[in-house]
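Starting from the given sequences, assemble the full structure and let the hints guide the process.
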Amino acid sequence: MRQIDVVIPYVVTPERETYLITTLMGLTTVPAFKRVYILANTLSNQPRKIESLFWTKCVMDKCYGMEVEIIQYPTDSSIGYKKATFFRDRITDDRFFFCTDDDCIPDSSIKDFVGNESYLKKGFAFLFNWVDINSSRGYKDYDLEKHQLTQDNNRWLLYERKNYSFSFQLPLVNSDIILWHGLIHSKIFNSDEVQNQFMNYPLGKRGHDVFRYNQIPYPLFHLPQVYSWHTGVKEPHINSIWKEDPFMPPLIGEQL
Amino acid sequence: MTYKDFSILIPCSRDPIPTILSLLYACPLGHPLPIAVGLTNSLVTVPTWLLRYANDIFQTKINIFYVDDSEGIFGIRRNALNSLPDIVKTVLFVDDDIIVPPGAIETLLSIWKPLVSKSPNLTAALQGSRVEIGGRGWSNNDITPMKNKSLIAPIESGQECMQIPYADTCFALINKELYLSIFADKRFKSIAKKGIAGEDVLAGRILTERGYCCYGTALARVAHISGPNNGYWSNFTASDALIEHLMQKTI
Chain A
1 MRQIDVVIPY VVTPERETYL ITTLMGLTTV PAFKRVYILA NTLSNQPRKI ESLFWTKCVM
61 DKCYGMEVEI IQYPTDSSIG YKKATFFRDR ITDDRFFFCT DDDCIPDSSI KDFVGNESYL
121 KKGFAFLFNW VDINSSRGYK DYDLEKHQLT QDNNRWLLYE RKNYSFSFQL PLVNSDIILW
181 HGLIHSKIFN SDEVQNQFMN YPLGKRGHDV FRYNQIPYPL FHLPQVYSWH TGVKEPHINS
241 IWKEDPFMPP LIGEQL
Chain B
1 MTYKDFSILI PCSRDPIPTI LSLLYACPLG HPLPIAVGLT NSLVTVPTWL LRYANDIFQT
61 KINIFYVDDS EGIFGIRRNA LNSLPDIVKT VLFVDDDIIV PPGAIETLLS IWKPLVSKSP
121 NLTAALQGSR VEIGGRGWSN NDITPMKNKS LIAPIESGQE CMQIPYADTC FALINKELYL
181 SIFADKRFKS IAKKGIAGED VLAGRILTER GYCCYGTALA RVAHISGPNN GYWSNFTASD
241 ALIEHLMQKT I
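Heads up: the protein sequence lines correspond to chains A and B, in order. If you use the working numbering, the first sequence closes out at 256, no skipped numbers anywhere. If you use the working numbering, the second sequence closes out at 251, no skipped numbers anywhere.
Treat the hints with caution; some may be incorrect.
What the hints assert, rightly or not - Each computed EDC-like pair below joins lysine to aspartate or glutamate, with the alpha-carbon atoms no more than 20 Å apart:
#1 K111(A) x D56(B)
#2 K89(B) x D5(B)
#3 K62(A) x E106(B)
I should point out that these hints are in silico values taken from the structure, not numbers from a laboratory. If you're wondering where the values come from, they're calculated on a predicted model, not measured in any experiment.
Here it is, written out as structure tokens:
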């Protein structure tokens, strides 16, 4: 079976440690995921020793046989900077990565999709969905997640999933996307278009990973029926640095 | 194996998410194991998303209740056991700073079953082995037999389990009725105070006195994530040696 490495950007705060270990344990349910890169830094308004991460690495190694590499970035590195420099400096070969966040537990649909390697020959990016299961997470009209499935659909996925037949159709994306959660090829992250936006996106502004679909020089696919369980809340410590601003793209339409 | 008379029990004073999630992943799909969580104060809780996730994906219903902690850890364990339904006869105690890897529960149960079949009236407990990975390391104060390498060695040379003086309840299968009966012993009053551990050490002594047996196995290993440098999972003072000393004076 092809091994696919996982990349998780992470800001070191005590509040998020639980989410991270939860995510890592969830990743062990996908046999292809044997190694995880954690792109870690601290924020100057939330100083915390990065060493606190190393017990997490130890748990994953000793209990689950999963290799976790913690890559440390300078304080106040933006998420885009970490992602861009990781792929630019560390990844010299061309291959797929599973890109996810520290509060997403992979559903079995991800295991099924990743295990079927024939799909990977058909494209360079397979963007997955996520289903919110944390009731404390509220939505606003300008939320980026609005372009994901609606809450009603999420509920349908939650309760009717036993009767749901996964077909893994591959709809081509034809509008704005979030270029992160899914199986994405390193060629895309190392393209000039993505490197430029990731590197130059201002710290504290949301939307570094939002692209017009025609900005990316590779075909993109979106799989709404392949998803993670999103356990996170909107967290004051992280989100206090975000400003809702003109960098936010407009709402994305009903293409799903 | 049927699990009608079995329950996992987590006495919980810290964030239980990693422990519960590890338990869900440790139980094979299609064999949901009942999980009970005894919350010892109102500051900790099990988030609804985890209940939903456990129910929808693992068909596991997590039973949550509050436990009076005014008599320390001894009281918490006794009260938590009393909160379980009468039908539950065998309990797997799991501490809230333990990560249970896949396979550990099955291994423990597979060793427990023949022990009980052979001596149904004498088998009191079977503990697994805990591996320190939270920075606490090996402490001279910790008298847990399963952490003593010289005791683990013969097990690794072929023995599945061995008799030990007491079962560390951080990860141990116990006979519920037996433990409840010895918890009535008045000697527990000396440690029935907040912040004092060692109830498992005393329980082992009393069980031995009455002719019951505790066992340990190194084949079922769990990870202990508490440590002095880990602020998130702040740990109780590890003072087993002190407790043992107190017990000797008390008994």
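* Asked: Taken at face value, is the distance from the CA of D5(B) to the CA of K89(B) at most 20 Å?
  -> Given pair K89(B), D5(B) holds - Cα atoms ~5 Å apart, limit 20 Å.
* Within a Cα-Cα threshold of 20 Å, do K62(A) and E106(B) meet the stated pairing? -> Cα-Cα ~18 Å, so holds.
* 20 Å Cα cutoff - pair K111(A), D56(B) -> holds (17 Å)
This entry satisfies every hint, going by the numbered hints stated previously.
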